[in-house]
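Protein chains in written order, with full-length UniProt numbering: chain A, 1 to 217; chain B, 1 to 260.
Read the hints as simulated data drawn from the structure, not as lab findings. All C-beta atoms in this analysis are idealised placements derived from N, C-alpha and C, irrespective of residue type, glycine included.
Simulated restraints on C-beta separations:
hint, chain 1, residue 1, chain 2, residue 2, range
1, B, 184, A, 192, 50 to 60 Å
2, A, 112, B, 196, 20 to 30 Å
3, B, 238, A, 48, 45 to 55 Å
Think about it this way: if two alpha-carbon atoms lie no more than 25 Å apart in a straight line, the pair counts; the simulated SDA-like pairs of lysine to any residue are:
hint, chain 1, residue 1, chain 2, residue 2
4, B, 89, A, 131
5, B, 89, A, 126
6, B, 123, A, 120
7, B, 89, A, 43
8, B, 79, A, 126
9, B, 129, A, 131
10, B, 142, A, 120
Below are the chains, spelled out letter by letter.
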Amino acid sequence: MNAPWMEFVPLLWEGLKVTAEVAFLAAIAALALSGASGLCRVSKYRTVQWAAKTYTELFRGIPLLVLLIWVYFALPFAGLELPKLAAAVLAIGLNYGAFGSEIVRSSIEAVPAGQREAGIALNFTPAQRMLYLILPQALPRMLPPFGNLLIELVKATSLIYFITLSDLTYQAMILRNNFLPWTPHIFGLLLILYFLLSVVITVVVKWLERRLTEGRV
Amino acid sequence: MNALSQTSTIVKYSQVKKSYGDLEVIKGIDLSIAPGEKVALIGPSGSGKTTLGRMLMTLEEPTGGTIQVDGQLLWHEEKNGRFVRAGEKHLHRMRERIGMVFQHFNLFPHMNVLDNVASAPRKVLKLHKREAKERAEAMLAKVGLADKIDVYPSQLSGGQKQRVAIARALVMNPKVMVFDEVTSALDPELVGEVLEVIKDIARQGDMAMMLITHEMDFARDVADRVVFGADGRIVEEGPPKEIFENPKSDRLQSFLGRFR
Ligand SMILES: Nc1ncnc2c1ncn2[C@@H]1O[C@H](COP(=O)(O)OP(=O)(O)OP(=O)(O)O)[C@@H](O)[C@H]1O
Ligand SMILES: [Mg+2]
Numbered sequence: 001m002n003a004p005w006m007e008f009v010p011l012l013w014e015g016l017k018v019t020a021e022v023a024f025l026a027a028i029a030a031l032a033l034s035g036a037s038g039l040c041r042v043s044k045y046r047t048v049q050w051a052a053k054t055y056t057e058l059f060r061g062i063p064l065l066v067l068l069i070w071v072y073f074a075l076p077f078a079g080l081e082l083p084k085l086a087a088a089v090l091a092i093g094l095n096y097g098a099f100g101s102e103i104v105r106s107s108i109e110a111v112p113a114g115q116r117e118a119g120i121a122l123n124f125t126p127a128q129r130m131l132y133l134i135l136p137q138a139l140p141r142m143l144p145p146f147g148n149l150l151i152e153l154v155k156a157t158s159l160i161y162f163i164t165l166s167d168l169t170y171q172a173m174i175l176r177n178n179f180l181p182w183t184p185h186i187f188g189l190l191l192i193l194y195f196l197l198s199v200v201i202t203v204v205v206k207w208l209e210r211r212l213t214e215g216r217v
Numbered sequence: 001m002n003a004l005s006q007t008s009t010i011v012k013y014s015q016v017k018k019s020y021g022d023l024e025v026i027k028g029i030d031l032s033i034a035p036g037e038k039v040a041l042i043g044p045s046g047s048g049k050t051t052l053g054r055m056l057m058t059l060e061e062p063t064g065g066t067i068q069v070d071g072q073l074l075w076h077e078e079k080n081g082r083f084v085r086a087g088e089k090h091l092h093r094m095r096e097r098i099g100m101v102f103q104h105f106n107l108f109p110h111m112n113v114l115d116n117v118a119s120a121p122r123k124v125l126k127l128h129k130r131e132a133k134e135r136a137e138a139m140l141a142k143v144g145l146a147d148k149i150d151v152y153p154s155q156l157s158g159g160q161k162q163r164v165a166i167a168r169a170l171v172m173n174p175k176v177m178v179f180d181e182v183t184s185a186l187d188p189e190l191v192g193e194v195l196e197v198i199k200d201i202a203r204q205g206d207m208a209m210m211l212i213t214h215e216m217d218f219a220r221d222v223a224d225r226v227v228f229g230a231d232g233r234i235v236e237e238g239p240p241k242e243i244f245e246n247p248k249s250d251r252l253q254s255f256l257g258r259f260r
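Next up, chain B with everything else stripped away, as it sits in the complex (with noise of 0.2 Å):
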């Protein structure tokens, strides 16, 4: 394993495949991301996007194939020279690295908004009260809910309950993020305002993203660059530029065709 920790990438799939019972949904992936790399991911519904997002969170484990984080592998464990199922001790090692934030937020509905951000701090990273809710409190200026921290989730706008989601994931600052779909279950007039908030995350950071979306404009704006997938397959990838002004292939083309 040596050789792939020199590697620059912090995510690597290598024909990951996902099946649930007989129906496949991932065929065999190849996919790499490098620190710091914000890649759109981009495909017709089912095609499997959320799925191959869920794997990188630990969420949903491969049939097939490896993903390896930072030059590790992430759902296998070396143990007696040979590699065998992750266990939770390690998953939660390589947890450390991962972020995600989920299309319905899922706000912890018994904290305030303080809480939300402060608890994984505190309880995790085991910081100082003290200093995880400093932190907190700064993670949350950063997405401009500093008057926000005493109120309960139920009292916010989704727009707001999706900054708090993206303070929460921020804080503890993961090396790769899954954005799935993060303004989908948003009112129209409340898109824009979490999309600032995570250009503005892209560019200042070195956090490398995975951003799956259905805003084309947004993908265009923020990715350096974008992958499109149907059927569970990779079938084109490139620079924005490349992909929505130039497509060749049949599926992307008609796939665009449709945000025209």
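Chain A extracted, bound-state conformation (with noise of 0.2 Å):
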């Protein structure tokens, strides 16, 4: 007997939606938090590196599934009462921004200290270095581990299944409850699917590289 693919694929078209929309999401808000706060680790005021710094060390140390189940269930009791995608949104992108702080800080750091002086030479102001001459020495090494994080933010989407929110991951558990011989098949499904997704992140940042380098050899 075959495997009844065609009962699978609408269900799972329906939970990788859902996927695909909160790792958008939760992308972007990881980006913004990551170039925000990374920039204010380099900052010359002390409070505002230092605030960025907490933010970091904070959201880093703590396990996604119990930020997430914070956000969800216990902001609630202190009256903030959060919709399960922006729940999970917030949670992930406070998660991943932390880590992504980090990459921006040290890609910027990166930048020999010889192109600022050179800036200053020019009467560059602050904010032009960093605009013209620092970022676009940096982004270009941000790229390969922000591809990762992306990768591993979809994957982190997964335990958005604990909110009860229907994405990929919950939409195999609920195949699987209806179709039980077909376990290995759902999850090779469910599998394949996510290993797609990451495939589609490797090849947009792999094009962005190259476009951010062209003409330099």
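Since each chain sits alone in its own frame, please combine them into the complex, following the hints.
This is the structure in structure tokens:
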């Protein structure tokens, strides 16, 4: 007997859409937080540095699952009740933004000091130095680690199943209940779908990398 | 400060000191440079030549004394009748008059040669794109690189890189420029082309130059005055002829002995 593949497709498709939506929004949140707190880490103001460092250390140290159930189940007691989607995006964004912050900071710091000094000698303002001299050299360095981070992030979205968002993993679990004998097939399909998502990210990041370093040899 | 603005100095170090932690590397320097004057700074390694230049370029803050540029204090500004540590705005205004060429070029690797030279006129002087390009091209022609404008720095030889860096600093039209051992990182056969370019600029220019160098023949050729420093102090200074042919101090004599 053949597996009823066509029965799996609609549910998994629904799940894939939720996973993609959460991953996409969380990635934007994480990138925004990475950029903002990474820039704060290299600020000349101590308090700003300190605030960003505190954020990074704190949210790197908390397991995502714990953060997720905190945001969704505990915050309502403090009067903040978030929809599931918002809770998932917030938790994943905060967590991965903390890791991304380190990528941004270390990539900026990896640009040789002579570049900053040449910028000062040419009388660029601090903001112009960052915008025209430092960031264009730091960005290509950031891309590969950010590609890895995004793949991690997509895989981590499988945890939102715990706050009962009907993502890919959730749908696969439902399917398994209904088609128990086909468990390996269903979960096999699940593996392939997550893998394909990460392939898409890899391809996009590689393309961006090539675009950003065009011309320079 | 009125009296100062009338004197004919473009740069004036007064009792300048610099320490890194407990290590005092500049121990009270007095040095004036006249507008258009070419001053060669020579001395043993570690004597503080680079530090002196970097303090003028505002890359390193003195821990004592004052530096004046064009009659104005560089590292201090007047606020409510008192002189306080200069803020970014004041430094920005002062840097209009100062330029620097570095030992290791520090070209921008993400820009082609033209943009390396045109970006500061465009962003800092806020020139129109076309005018910035024209100025950059003229300056690149002056250093003999008119045919390299589309190339990226990684495709240039060391000598060519340094000539781009010189054009990049010159295009901002500073009143004084620091050249910090600009040929030390070059293969010997490329030193000549860079020194020729600098001699050329020196001949034409009303720009003052602080030439930190280990090339004694070059210093003798280009400089109006040679300053010999050791251990964070100026030991002897004078016209090139005096310094090289009739050195007075033992330190200078033994230093020059190494180049014979
Ligand atoms: N950022 C720094 N921190 C600590 N010490 C420093 C720093 N920069 C320079 N020094 C020290 O200050 C002294 C003077 O250095 P400087 O680079 O000005 O010498 P120099 O005359 O340019 O030497 P060279 O001919 O080798 O270039 C040296 O002893 C050096 O080790
Ligand atoms: Mg030096």
